[in-house]
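Enquirer: Construct all of the structure, not just a fragment, from the sequences and the given hints.
Chain residues, written in single-letter form:
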Amino acid sequence: NAGVTQTPKFQVLKTGQSMTLQCAQDMNHEYMSWYRQDPGMGLRLIHYSVGAGITDQGEVPNGYNVSRSTTEDFPLRLLSAAPSQTSVYFCASGLVGSYNEQFFGPGTRLTVL
Amino acid sequence: GEDVEQSLFLSVREGDSSVINCTYTDSSSTYLYWYKQEPGAGLQLLTYIFSNMDMKQDQRLTVLLNKKDKHLSLRIADTQTGDSAIYFCPLNQGGKLIFGQGTELSVKP
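Protein chains in written order, with the working numbering: chain A, 1 to 113; chain B, 1 to 109.
Here are some, though not all, of the chain A residues that point toward chain B, as calculated from beta-carbon distances under 10 angstroms:
{"no.": "1", "residue": "L45"}
{"no.": "2", "residue": "G107"}
{"no.": "3", "residue": "R109"}
Treat the hints as calculated values from the structure; they're not laboratory data.
All figures in this text were calculated on a predicted structure; none of them were measured in a lab.
Cβ coordinates follow ideal geometry from the N, Cα and C atoms, glycine included.
Expert: Written out as structure tokens, the structure is:
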């Protein structure tokens with residue numbers, strides 16, 4: 001049981017490049033989400049999904065796309081990277097319900113030059 | 001919208017007790033959580049409390065909830081250097097976790 005895995009661990013992009021951050025979980029969780037963490041800002045929700053085929057925007061969705069074709073995978077796409085997207089990105093998964101402990105991946109540290 | 005406020009830093013000596021505080025602007029969460037983030041790692045659930053409880057004890061951890069004042073606290077007894085981390089108390093808003101800035105706990109030997 002690997003839990004929540006994220007790839008890559010580190011990435012450097014140039015402004016305008018696109019890329020996909022991968023997230024997978026093997027716990028059969030319905031709920032998956034993406035957060036970004038910036039110094040002094042805590043974690044901010046980018047996008048989330050309550051099941052395959054269902055996605056919705058969080059607090060800071062601009063510049064990011066997601067899809068959820070399977071229960072296990074929830075990739076995050078940066079369409080045209082900007083320096084403001086330099087951050088640490090965390091994927092999380094959990095069950096839908098009143099008690100929804102979320103399990104976090106180890107994070108992807110992204111730098112946009 | 002809902003907001004979570006935490007003090008940014010706390011420094012204690014090894015062996016002392018630590019108290020980390022959290023204040024909400026509004027909350028209807030059934031459960032309230034404390035997450036711990038060690039340096040360079042993701043977040044892990046440390047403990048939680050059901051919203052109709054005032055207190056929960058879990059080994060060295062004590063969680064206190066004052067619903068009237070919308071105040072949650074985490075007390076760590078006999079704080080160790082391994083407790084150095086950032087602590088978060090997110091709100092559960094319809095399944096989404098809303099985070100504050102987190103409190104960075106520094107434990108000095």
